[in-house]
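Chemist: Which chain is which? The protein sequence lines are A and B, in order.
Adding 166 to a residue's 1-based position in the first sequence gives its number in the numbering used here.
Adding 180 to a residue's 1-based position in the second sequence gives its number in the numbering used here.
Derived from the structure by calculation, the hints contain no laboratory data.
What you are looking at is a predicted structure, and each value in this text was computed from that prediction instead of being measured.
All C-beta atoms in this analysis are idealised placements derived from N, C-alpha and C, irrespective of residue type, glycine included.
Keep in mind that the hints are not guaranteed to be accurate.
Here are the in silico distance ranges between beta carbons for each label pair [unchecked claim]:
{"hint": "1", "chain 1": "A", "residue 1": "Glu302", "chain 2": "B", "residue 2": "Ile906", "range": "42 to 48 Å"}
{"hint": "2", "chain 1": "B", "residue 1": "Leu568", "chain 2": "A", "residue 2": "Arg234", "range": "29 to 35 Å"}
{"hint": "3", "chain 1": "A", "residue 1": "Asp224", "chain 2": "B", "residue 2": "Leu568", "range": "30 to 36 Å"}
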Amino acid sequence: MIRCLDVHKAYRRRDRRTPALRGVDLEIDRPGFVAVMGPSGSGKSTLLHLLAALDRPDAGEVWVSGERIDQLDDASLTRFRRRGVGVVFQQFNLIPTMTARDNVKLPGVLAGERDRDLDDRASELLDALGVLPRAEHRPDALSGGEQQRVAIARALLFEPRVLLADEPTGALDSASSAALWTLLGSIAEGRDMTILMVTHEPAAAAHCREVFVLADGVVADHFDSGGLDAAGVATRYQRAGR
Amino acid sequence: MRPAWRLATSALGGRRGRTGLLAGAVALAASLITAVACGVASVSASLEDRLDAAVGRADVSIAQVAGASFDPELLELARSWPEPLAVAPLTTGPLPLQLRLQEVVASGRGVDPALEPLLHRHQLAAGRFVEREGEVVLEYRTAEALEASVGDVVDVPRFGEPIRLTVVGILERKPMNRLARPLAYVAIEQLAAHDSLARRLLRVDIDLPDRVDPAAFIAAREGELPRGLILEPTERASAGLNQNLRVYQIGLFIWTVFAFLAASFIILTGLTTSVAERERELAIVRCIGGDRKQIAVAQLLVGVIIGAIGAVIGVPLGIGLAGAAAVAYHEQLPAGLMVPPLWVAIAAAGCVLSGLAGAAWPAWRASRTSPLAALGARAQTTSASAILALAGVGLAAIAVQPVFNAVIDDGQLVYWTYITTGAPLMLVGYFLLSVPVIVITARLLGPLLARAFRLPPALLTGAVAAAPVRHGFTAGSLMTGLALLVVIWTTGRAFLGSWVGAIAFPDAFVHSIAGLPEDADERLERLDLVENTCAISMVRVQTDFLGVQALRSLSSTFIAFEPEPFFEMVKLEWVEGDPETAPRRLSEGGAVLVAREFAVARGLGVGDPFPFEFRGEPYEMEIVGVVGAPGLDLAGKYFDVGQQFKDQALHAVFGSRKDMVERFGNDAIQFIQIDLADDVDDETALETIRAAFGDHFVTVGSGRAIKAQITSVGATSLKVVSSVAIAAMLLAAFGVANVVVAGVQARRFEFGVLRAVGASGPTLARLIAAETLLVALAAGVVGTLMGNQAALAERELWKAIAGIELAIRPQADVIAWGWLAIAAMALAAATPTALALARTSPRELLAARG
């Protein structure tokens, strides 16, 4: 499902070069809910950007859903983002001038799909995520949790094999966060897809099957988090940091 | 296309207020262009109307060189020519009229009732013009003498039953006195019924299409006329009035092009700001699979939709504005409102095109949005090198027109390069230059303004420095209206001065065919209101005009004056010879100037001898110049003094009074030209002059009134066209409002932070006001520079294509008013947004993030 082979990425600003990933090797070969943890500056967001085809690595290979994406041109990357992967952001990133329904349909509109088909699909997704009654509201009329559910619905429109979530509960309260982690876990299981979540919260990782720990641009640890609670994940995470 | 359409409509529908503002700006542009087009058409039609009333529409006339009548078969020859639009005959003969106990011998004019209205607009005080036989139109003095009114039946006595004519119209009194020669117009056949000799033609007037040059037509056709007949340009052509009118229309067309470009820039600024504001949103679309083409097309569609909305609202609005101006100035615009369909279509299409053009750069910029921009809020400052690059490109664009002026001589090429390249590049150049100018203005005046608005200086200058392109482009949009105002008034005032100056002639005339009293000059010079006089004497001389084949010698008129005062008071058109040497030679004696018509008829020119006889004695003088006198032509049409003069001019020569006295022993004066003091009004002057000759029968006429009528039309046109510039400023103000709203929207979080750290609501409002004022000041600088450069460019243009030299001077009063206007409009446009910002709570502002 997801494979990274010796991936390197650095950012250049004026004449400064800041390495973000220094040779990441990572493999996720079956569906499930997976977490990537790490301290600030560890490269986890950079890794997610590469997997979401939002950026290209300086070196190495990146495979998502059986497709090697590090060498795709701009148009191919765009198509991949449309259908090949779903992305959920910390700040929700909904279009403020569109209703919840229109936001969910947007990838389909961009792909030239028929409006009637998209309407049915959007209703189905919004209902599955418990926000169908709010379908005709704009983002500024929705709570944070509702907005994030709409964002997840949008990401699932084309039923990608991989869904990437970048700190999806960063802007939510704890109750909403917990609900969302549970939801993501059930989606991963129910739809047989891989959900990779970037997080710094042990409580979030506790809902996942396995955890990759990034530190200083490389995978420092990888452990099974099934059966661990938040404290257990935190202990294991801290050990990896040493 | 569907995805792009959905993106476009979502962007427009989601921000209705902003969409309304931008569409409002385009609507105003459409109304501006439509109003300009209707204004041009209305002013042109009114000018044509005035000219028609003053000098008729005929471009050339056929006449006998000595003013005698000629064979009516010549009419058929003229009608056989393919070029003319209309060919109208004129016959003349005495027409005695009786009504009740009154009797007048009028000078009858026989016209073709169907053609006469096409070529001459007779201004009627009552009734209508002649349409058939049995009708007569009386000149006002004839009607007064007969005590006649419309509907009366007058008798034309003859052997047998009198001819009965119904008075169907009475001509308006001419504004000035003139020779008491009562006129009456009848159908040609009617005049011939009374006097068979009146079948012969006095003149044939010919109207040519605009594309036919009168001089070329004369050169091509005059050889077909029998000897003794000439084809000559009328006063309209010789005064160059058609040419001046055409040039005026060109000027207004240029200003229309400017307005169209201004609209494009305002849309560009508004949409560019919108793209910057929506960068995160566009990046999200890129994240979820929107490709560059979809985003670019969506932006272009936004531009097209805004343009279309603007056209639908703006075109009818423009027609309405022009209509209101036509009503307000109905006296000066007698032709009323004219709506040219082609220009209306151009205005509508232009709106859509300007929306497209304005959206092109934002579309490109939007398509370059990186998906990663959605994930981080990084402030991007404009680098100094980018600002310098804009300055360099701007200056290069501005320099193109002066280079063209320096290297191109051909008039047509000058015009087309200006319209297609020079003017648009000048506008683009100053638009780009607005960015470095706002940076400099902020640095120089920012601290002063900050103190005046009680703001921390760094806050104000920092705000401008953080977004110099947005602020600069806003100033660029605002400056166009000021530039328009400056160029309109600078060239307009210069044009009026040159045009009226070009047809200058004396303020007043005194005339008596029988001769003025010997002390006429002294009587006039005793009057305080007289500044200068020039006495003119006339005697008949005989000249072998038609050469050895002539059956008889014809009379010519020797017209004599004092060269120095004459040349001060009258501007002559020198066909041959020059105004430096000819007057000196005239003063020395033995030299003459000949009228153009004479030179044409006789084929004589400078250096040739002019032989003639006076009272049987032979004389010979040297021709030192061939001249025309367009102003005198016009004067003649107004009060008929010139008509007699013109009749003489066909075979007139001009010499000095010195020769008149010394060689001919004649010092009688028939005509005195008068220059009056500036502060005396016409009526007082004419009454005073007439009173000075109380015991003599003289005719007194005013030349000022002619000039005043012509100037009035020009000045009114200036005011009407200025409303175009004001509308351009209003248009820009819409653009400013849109950009201010977008700017505030984009910076809501920043304002929230300011409020959070202690800035008050009114402080934010003052910040917006101060930023807007800085933009207005920068617009003032750039607009003034551009307006004056455009005026200089138009000076070269009119010199190249029309031979008119305009004296261009900066108009300080117009510039000052313009600065005030744009500052007031910009502040007014920004005020609602500033006040709304001041009232918004810090929490709401901070919630804008994400």
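Chemist: Measuring from beta carbon to beta carbon, are A/Glu302 and B/Ile906 in 42 to 48 Å?
Modeler: This hint holds: roughly 45 Å between Cβ atoms.
Chemist: Evaluate the given range 30 to 36 Å for the C-beta pair formed by A/Asp224 and B/Leu568.
Modeler: Distance hint for A/Asp224, B/Leu568 holds at roughly 33 Å.
Chemist: State, for the Cβ atoms of B/Leu568 and A/Arg234, whether the hinted interval 29 to 35 Å holds or is violated.
Modeler: Check failed, 44 Å falls outside 29 to 35 Å.
In summary, the one numbered hint that this structure violates is 2.
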